[in-house]
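Asks: Each chain is listed here by its residues.
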Amino acid sequence: MAEGQGVSAFPLPPMQYVNMYTDDNVKRGRALPPPPIIPDTFMMFGANFNANDAIIRPLETQGFRRLHAHNYDHKRELKKLNHSILVNFLDLLEVLIKAPESQKRTEKIEDLNLLLIHMHHLINEFRPHQARETLRVMLEVQKKQRLEISEKFQKHFEKVKELLQNSLSSLPDDFSLDSKALVKSELLKAEIKSEPMAMDVEPCDHLDRMMCDIVDSM
Amino acid sequence: MADRLTQLQDCVNQLADHFCNSVGILQQYSPPSLFTGFDKSGSKSPSAPLEDYAQTFAKLIARTANDIDVLIDSLPNEESSLELQLNSLRKLELENQEAARRLEDSVRKGEILLEQVQGALHDIAQCQLRCQDTNL
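Residue numbers (my numbering), protein chains in the order written: chain A, 172 to 389; chain B, 1408 to 1543.
Among these hints, one or two may not hold up.
[What the hints assert, rightly or not] Across the chosen pairs, the derived CB separations fall in these ranges:
| # | chain 1 | residue 1 | chain 2 | residue 2 | range |
| --- | --- | --- | --- | --- | --- |
| 1 | B | Gln-1504 | A | Ala-240 | 15 to 25 Å |
| 2 | B | Asp-1512 | A | Pro-185 | 44 to 54 Å |
| 3 | B | Asp-1512 | A | Gly-217 | 53 to 63 Å |
| 4 | A | Met-214 | B | Asp-1512 | 45 to 55 Å |
| 5 | A | Val-308 | B | Glu-1490 | 54 to 64 Å |
Simulated from the structure, these hints should not be mistaken for lab results. Quick caveat: nothing in here was measured; it's all calculated off a predicted structure. Ideal placement from N, C-alpha and C gives every residue a C-beta, glycine not left out.
The task is simple: from the sequences and hints, build the whole structure.
Replies: Encoded structure:
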């Protein structure tokens, strides 16, 4: 774990490339655009890659001889392969005992190779199924989580409403000040209505009387 | 522990490893065999190896092959096939969207209530401030 300054297991980052992506450059739009999407085939480490391949399940008839029928039961074929591999190994041991340098040895090794490759191919054919299962289980978990969250939220909501209603119902007990103020203004209004005749004689008096009442009550 | 398919792949590779190792070790540590009819038996008696490699390897190989069989048995059948999976995926997607809608609804209700409560608190606070002003 030598992570010291001068001793690093990995090559340095490409600084000439990285330095072109400074904040200023990006703001001005002068940074390089991202590289274009790679077309269909490209080379990687000397091997050809085709982006359009059904990469998940290429047919075995591309490279090797096929040993099983076209509509097969994966589990049975896998078991048959497993036993064939063991039998072939025993045959190989026999060949090695009896005639080590003969050609049969290479043939047996090739057979064993083919059988193992078949085994791995059949196992890989299960992978898409596994991916879909994983997706299904993830969706189920998500759905369960969402339903749980909405239920808990609903419960909290109900509690909050209850709390508010309780506090509202416990409010009007403390209404004394307001009621007095209301009564005062209502009394004043009643006084104004009951004295329309006196308005002609003393037009400003009732307003003055109101002012005097308010000042008296303070 | 890795998933079943990876375990199966590892077991198959392990089986191949055992084959190679067994052949190599047995070839390396085997006592020399005598020629038939050639009576020159040297004074060296074949020293019996402390561990019986052949038996150990045989046991290992048999055990690994058995493990592979058990793992193959535990794989799902062909009946849970492609259409079934796709159907259940579609159904689950719809149900998930429904659950998301319900969650959004309750969150929106909660937000409305929150706004109302905040408005009420705002009014109360302003009234209090006004009362304080008139009292002072």
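Asks: Run the structure past the numbered hints and jot down the numbers of the failing ones, going up.
Replies: Violated hints (numbers, rising): 1 and 5; every other hint is consistent with the structure.
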